[in-house]
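Asks: Starting from the known structure of chain A, fit chain B onto it as the hints suggest.
Which chain is which? The protein sequence lines are A and B, in order. Note that this note's numbering has the first sequence beginning at 1, numbered continuously upward. Note that this note's numbering has the second sequence beginning at 1, numbered continuously upward.
Keep in mind the hints are simulated off the structure, nothing from the lab. Glycine included, C-beta positions come from ideal geometry on N, C-alpha and C. Certain hints may be false.
[Claimed, not checked] For each label pair, taking beta carbons as the anchor points, the in silico distance ranges come out as:
1. A:ILE108 with B:ARG47: 56 to 62 Å
2. B:GLU57 with A:GLU103: 14 to 20 Å
3. B:ARG395 with A:PHE71: 50 to 56 Å
[What the hints assert, rightly or not] Residues of chain B clear of chain A, computed beta-carbon distances all greater than 12 Å:
4. ARG18
5. PRO38
6. THR53
7. GLY404
8. ASP458
9. MET873
10. ALA891
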Amino acid sequence: MPKRGNAPIQGELLQGTLDLLILKTLALGPAHGHTIAYAIEHRSEDVLQVEHGSLYPALHRIEDRGWISSFWGTSENNRRARYYRLTPEGRKQLTEQTNRWDEIVKAINRVLRPA
Amino acid sequence: MALAKFFRRGRWDDERARELAAHLAIEIDANVARGMTPQEARDAARRKLGNTTLVREEIYRMNTIGFLEALIQDLRYGIRLLRLNPGFAAVAILSLALGVGANATMFQLINALRIRTLPVAQPEQLAAVRIAGDHPNRSGSFNGRHAVLTNPLWERIRDRQEAFSSVFAWASPEFDLSTGGESRPVDGLWVSGEFFHTLEVRPLLGRVLTPADDRRGCAAPPAVISYGFWQREYGGSASALGGTLTLDGNPFEIVGITPPGFFGVEIGRHFDVAVPLCSEPLSRGPRSYLDRNDGWFLAAIGRLKPGWTVEKAASHLRAISPPMFKETLAKYRAEDEKDYLDFRLGAIPARTGVSNLGDYERPLWLLLATTAMVLLIACANLANLMLARATAREREIAVRLALGASRVRIVRQLLAESVLIAVAGAGAGAVLAQWLSRVLVASLATQNDRVFLEVAGDWRVFSFIATLAAATCLLVGLLPAIRATATAPGDAMKAGSRGTTDTRERFGLRRVLVVAQVALSLVLVVGALLFVRTLRNLVTLDAGFAQSDLLIAVLNFQRAGIPDVRMPAAHADLLDRLRHQPGMEDAAKVRNVPVGGSFSNRNLIVGGVARPESVNFNWISDRYFRTMSAPLLAGRDINERDTATSPRVAIVTESFARVLFGGQNPLGKTFQIDEPPGTPQPVYEIVGFARDSKYSDLRDPFEPLVYVPATQNEPPGSTLRLVVRSRLPLTQATSTIAALAREIHPSIVVEFRTMQSQVRDSLMRERLMATLSGFFGALAALIATIGLYGVMSYMVARRRNEIGIRMALGADRREVVGMVMREAGRLLGAGVLVGLAASIVAARAASTLLFGLGPGDPLTLLTAAAVLGAVAMVASYLPALRASRLEPTEALREE
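So that you can see chain A by itself, here it is in the shape it has in the complex (with noise of 0.2 Å):
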């Protein structure tokens, strides 16, 4: 399914990546763990393949430092899930971690494309 031909990537997310994502995905609106899965690999153009079972102690982790609070709802097609939403601290978070990302990113590129 990969469109440009990019082979997926699996389970070599950078530590801490995949808090990162979580994050920027429930900041758009609460979701449930299959959506966010679908999400991720969705907006990377299915370049990231989550493996479903790992996001589950990401999410106990992220909900543990109080970034995100869960509810159970209603899925679309009628069956009973468990939501996450942001929380006001996750947003902050999610604001310095990627600015974090982005001066990593930096940092690696001006170490493999020296100027």
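Replies: Same frame as chain A, but now just chain B:
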């Protein structure tokens, strides 16, 4: 926060399970929508989600505090194991409870006696004043349990010392509450005015005594009573204040009550009534010690000034001593005078109070060592059992190690069981100790010697018990656990297959443990035998008189208003009437009742030469020897013609003749008493020759003893001590004597005890040692025997194959029994050898407590070794017999 999560981790897990299930359902829906068959949809969804159990475990782990989780798991596992094996658990916990309980009991007593400080403010500032040196050679009259100073000395110390911010003197007399008839003794205190102020004790009600109450010649002094006495006598009623108390016939007004925790400064005693020292002459009348330079009855304690140490106070007291002793010199013989002038005062710490239970200190430490050994033996035994259990689980452990369990984790799990046993054992032991120490203290008290030792546990006892629990746990559990996990899994899985026997190395530890058990228990059995034989020697020894049917009556004539000169006649009158009462076989007066702890001695001049040794003296009436059933060997008894004005006569004992006359017949020979210069020294003629008799203490060897008529030269006294031989029932005899005393004067106070109870009380320490060490010795031997039995049974079980092969090859039953017994014999022999050597060393610590035998007594050592050996061999014979009854075919067919 983390802890809250920890406890909710189970619910969390359920929640995650539901969430993951929901995820799966949604994914399946999506897959079906994409056109997959339901089966395909489900499989694909599962693949996509991955291992849900792993996910849940990962989240579960995030919620746990790893250490706590593992601990709870291990403890649960331990409890399960113990419940699977209730017999083992019961034996293990019971043996540890006994061991810990016995140790804690001894420690509690030692703590109460020697370690705990007085319950007063800053006890570390207290120091006791006394004459320096271990046994200053003092002469004169002594009275009370702590006769350290005389009143003239005390008054000078009080007025001249600069080391203490305040200092007090005290004595602990016994007062009589009664106004006549049978005595009602209470524990009293004579205290100088500064007593309560120095100790900083404030009254619970009313007021305490002050220096204003303690003025020489006080006529109507006040009294302060203890909380216990207040509760007992007045039911805790406030109306006790202002009431009047009759002590030795004198009225005292109660002005205050001390707080509950305060018992005085003497460990092991509780005072009932404290009165000012100035009231001493009211009790003692003309025999008051207050102005006697040779009347020792006081002790003194001071509170150090800030910045002063006990050493500094001691050197200060030393410096101010010489004039004090010069000024207070009494009429002494030349040598005694020199000794007295050489005395110097000193000071010792008094933070733990003062005690005359010092006799029990050495026994208690010895008993603590004994109980420690019992605990060690019990631990060795449990360790052995645990080793056997761990060996039985070797394969299980090997499998778990092979599957990747960490060694530390398995050791911890094995340890959990011993932690549980140790904690349960120590807990039960602590409870047992409370009860045991109370029983022990109660058993220390005798009719004349009330002992109150506060044995409640404090932080020291608690930490002692906790340390014991930790130590036992490590001893019992750690070694077997490490051992069990040390084998390479492969070897363990292979072992147990056909034909293997236990390797020497693995079995070695258990042998060492058994040898140690046998050795330790032999030490205890030797100790027990030494103490039991000591008691037996004392009980069966010939005291020189017949102890049964002998009653001791002490009559106090002080309040009868009889002048001193007429006292002997009053005493003689009562004695005469008593002898004519029906049922009274005989009666006699004696100043110092044998085995009663009191004694008198004098220095003699024989043939004009002053003898260096002091000789025991006793003052008796006629028919003393008949009353004691100790007929004279030669010569005559004292009779009514021996009066104050007739020539002085004496009856001497065999030892006297041996020591002072070189074994010649003493009859007709003479001696003089070496009195201070200026005092007449009349000549005594020896008219009677008596058998040797024990005097103040049953434990003393027979010493030279002189009996002189009470009518000649007896120091004056208002107390009449009688020995009465009667076959009447005790209550009938005592009521007869009490009625007689009342007839003569209603204010005469009478006190009774039997000679047998007096002897029994005097052997309290020996009885205690014999009973307790006997019990511990038997316990130790029992545990060690069980240990040996266990190891031998185990060895037989492990060598079934080998024994089967031997029998199949023609070994007969006797050879098999012999093989097992030889093995047991080797262990036992090694243990006995080590134990004998240890016993000889250890028994030296007990040598001062023994009587009639030495610490290395060969008969005792041999008996102990033989008894222990015999019991142990019987215990090993059972497994040997079982081995010999093996059916070779069965043994070989197994496995």
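Asks: If a hint holds in the structure, say so; if it does not, say that too.
Replies: Hints and how they fare:
1. A:ILE108 with B:ARG47: 56 to 62 Å: Check failed, 33 Å falls outside 56 to 62 Å.
2. B:GLU57 with A:GLU103: 14 to 20 Å: Given about 35 Å between the Cβ atoms, the range is violated.
3. B:ARG395 with A:PHE71: 50 to 56 Å: For PHE71 of chain A against ARG395 of chain B, whose Cβ atoms are near 51 Å apart, the range 50 to 56 Å holds.
4. ARG18: The assertion about ARG18 of chain B is violated, with a minimum of 8 Å to chain A.
5. PRO38: 15 Å, holds
6. THR53: 10 Å, violated
7. GLY404: Answer for GLY404 of chain B: holds, closest chain A Cβ roughly 22 Å.
8. ASP458: It holds; ASP458 of chain B is separated from chain A by about 46 Å at its closest Cβ, greater than 12 Å.
9. MET873: Nearest chain A Cβ is 66 Å from MET873 of chain B, so the label holds.
10. ALA891: Non-interface label on ALA891 of chain B holds, nearest chain A Cβ at 55 Å vs cutoff 12 Å.
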